[in-house]
Amino acid sequence: MPKYVRDAYRYKYPLPIHPLDHLPPLIPHNPISWAYWLFCYLSGSNEPQVRVHAEMDDLKRVTVCREQDMRLLWDNGFFGTGRMSRSEATWRQRTAKRLGLESSERGLESVTEKRRQRRLQFKRERSKFEAAKLELRQKGDLACEILDQERLFLRSLRDKELAYDKDDDDVVFREIDHELLDDAGEVMPIEVLELMPVEAIFLSFALPVLDLQVPTLMSTLVSSNATFADIESLATKYVAYHHYRSRGWCVRSGVKFGCDFLLYRRGPPFQHAEFAVMVLNADETLDYTQYSSTARVVGGARKSFVVCYVERQVSERQILQFWQNHNYASAFSSFKIGEVTYRRWVPGKNRD
Amino acid sequence: MAVENESNGKDQHSDSDDDITDVQDWSHIAKLTRKQAIIPKRGEKDYEPDGTDVQEFLLFQARQEMFDTLLNAARGSVKKNTINGYYEQTTHQAFIPFPRGNFMHTMGQVDRTGVCWLEFNEFVYLSERGTVRPFLKCGDDFDLPLSVQDLYAYFRSSEELDNYAVYAHLKRLGFIVTSSRHRPRIGCSENTNSTRTSWISKSFNCINRLFTNLFNVPFYSPFFYKILRFTSSGQLYLQLSKLVPYYSAQKFASLSSVHEHVPIKSERQVKEWHITFDVWKPKAGFKKKTPGVPDFQVIVFNKNASSQRFPTYREFRYLFRKLESKSDATSEREDSKWGRIVGKLKAFFNRGYWPGEPSSECKEKEAKPSKKVTQIQRLKKGYKSFIMAVMDDGLISYIRLSENEFGSESVWYDGARMQNKRSKRKNAKPTKMTN
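These protein sequence lines are chains V and U, in that order.
This note's numbering puts the first sequence at residues 1 to 352.
This note's numbering puts the second sequence at residues 1001 to 1435.
For the record, the hints were derived by calculation from the structure and aren't laboratory data.
Remember, it's a predicted structure, so these values are computed and weren't measured experimentally.
Hints should not be assumed to be uniformly reliable.
With a straight-line Cα cutoff of 25 Å, these simulated DSS-like cross-link-like pairs (lysine-lysine) come out [to be verified]:
1. U:Lys1137 with U:Lys1080
2. V:Lys336 with U:Lys1281
3. V:Lys237 with U:Lys1380
4. V:Lys12 with U:Lys1251
5. U:Lys1242 with V:Lys349
6. V:Lys60 with V:Lys349
7. V:Lys123 with V:Lys97
8. U:Lys1281 with V:Lys237
9. U:Lys1137 with V:Lys349
10. U:Lys1137 with V:Lys336
11. V:Lys349 with U:Lys1080
12. V:Lys349 with U:Lys1380
13. U:Lys1381 with V:Lys349
14. U:Lys1137 with U:Lys1251
15. V:Lys256 with U:Lys1380
16. V:Lys336 with U:Lys1080
17. V:Lys349 with U:Lys1283
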């Protein structure tokens, strides 16, 4: 069996709404199986029994606090970002591991940290080497074997940097760490999962997952007596988000790469994001440097750059009216999506 | 700069070949790097100036070698081969009374009297290369020889100069480049009666929207999950995807381009972009009169000009409708379609005449890449595309902009279904074993 099976079971469902996938087999010549199947079909429901509790604050932030909820949102579609973690809310496990309280396996963050330490070590050695070279040069000495040896040594360090091996870390328990523990000696759950506004809308408007009322959520995100200009940017972003989500992409924030969204085929644990999306209004045009620099950053991470244009199909007044009547479905479907792929073109490579 | 001293690499005849091979000789530098270990190998440069004379000296030495190789070679063109070209200010064109040379295959237009007429950028390009000696036509018997500086002064606008820079760059790389407006078109008419179609499409859109709304609205009500049930994630995704409409990309390059109504609002001025150059990859059998569909279409865009801005989506759509160049994705598709037909024919004949042989369809299945790969390639490549040459203070960078469509490609992963299948397979195996 391949290695990813464990992940495949953990991330079995791409959305928090689960399909009815445990229906009994339907045997054509057996009427009882029909009746049983029908019973199972009718008694089952896609709606989750318990809604995820979410909170909103004055700064328009939507957060999820309970641990099982955070896990549910992450496992079923990779929603939200842990406030003290890179993406998945793993702070508690990591801290417990760091303090030697439990032996959990290595998180993604610790792998990265290890790699960064190695990189730093390499850079230190390299600067030492550079300094030695400079000294020799100032003496007017050019050819020497020491430099060659140094160079080989650096190269071996560089190779080691890329290889990943397990080695145990020492447990360092600082004085301040005691404040993190509760009476039972366990790490307190102080990390929360923060949802992007568009994610919050998706999980309450398109899928009944959060326990928020859609109108209240909307009036928190944009004030209740909003003008069209206020709702436009949110609606534009949401329309793009919904578009990609509904085609099966796992959409996450692209702020790390200077764009709006990143599209993963299944999710961050499975593969790298394949596309980076910049969402623009259909009439909008930026300075060329903006496109170019975003494309450079995105291209450096081996992603394709897509400019997603959202075009308004009806008048501003009408959309505002839909919005005020809480008819969000009509408001969102009065936008249309168009995409343009932006790639660098090298003449020399396209000649034959 | 004296014209006689300029070398021309390509268009010259065999008697000057010796000069050319001499110019391209970099062996001195190669030898130098091999002999002395001091000079850093290629690719491993010093990070920054360290203030030592040694570094300075190394750099100077390397540079000097480069210049020496350039300066020591004899350069020039053979007087016998030079052709005189005459610039006419009134038409902003140039003509060559007695044309000959390889450049005729891809450049210029020869009229009935045998005179070759060149576009101004073609003229400058050929003069810069030394193929043509430029003159200014002053009177019937008086011509003024021109320098390259003079020629540059005759560019009429900064756009023209930008266009020339892109033209010369692509040309030097070996592409066949023609100005887009001079190419004979193959039946491409502009959409003129947009008012009527817009009215029809508007009413149609209205009805369409009404229907989609009817389908959409109940989905987002709380009773929705009481009525409907989904047995797979795919069904759920299909429901979700009904909310937001999307523009579909034009997938098949048709010569009589489909005139879809592009909603252009009167409140905002939509700039009409024009394709500057048609570009073909270097090929032997190129004919000026019947060049065929270009491989690339290039638009020159100056990033610093205040009059120019990066296109908006409406402008993009307008441009994509005008394009004629074949995109890779479409040609691929046509290939596969053709391949399928051939495959079917083969299968048919196989069945008809040699019933015992395995059909070719099975073989085809193996050869085809997986569906997932082709989908991702499709999404990365897009459909119709053009090249934008971006000019930034003399630096040209090229970008390829292609129309794309994520809306019709569903990438959802049905984990539950896959696992059911897998477990069934697992269950099935032992029973077989026991039997």
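We went through each hint and held it up to the structure:
no.: 1; hint: U:Lys1137 with U:Lys1080; verdict: holds (22 Å)
no.: 2; hint: V:Lys336 with U:Lys1281; verdict: violated (37 Å)
no.: 3; hint: V:Lys237 with U:Lys1380; verdict: holds (22 Å)
no.: 4; hint: V:Lys12 with U:Lys1251; verdict: violated (34 Å)
no.: 5; hint: U:Lys1242 with V:Lys349; verdict: violated (41 Å)
no.: 6; hint: V:Lys60 with V:Lys349; verdict: violated (48 Å)
no.: 7; hint: V:Lys123 with V:Lys97; verdict: violated (28 Å)
no.: 8; hint: U:Lys1281 with V:Lys237; verdict: violated (40 Å)
no.: 9; hint: U:Lys1137 with V:Lys349; verdict: violated (41 Å)
no.: 10; hint: U:Lys1137 with V:Lys336; verdict: violated (57 Å)
no.: 11; hint: V:Lys349 with U:Lys1080; verdict: violated (37 Å)
no.: 12; hint: V:Lys349 with U:Lys1380; verdict: holds (17 Å)
no.: 13; hint: U:Lys1381 with V:Lys349; verdict: holds (16 Å)
no.: 14; hint: U:Lys1137 with U:Lys1251; verdict: violated (50 Å)
no.: 15; hint: V:Lys256 with U:Lys1380; verdict: holds (21 Å)
no.: 16; hint: V:Lys336 with U:Lys1080; verdict: violated (65 Å)
no.: 17; hint: V:Lys349 with U:Lys1283; verdict: holds (16 Å)
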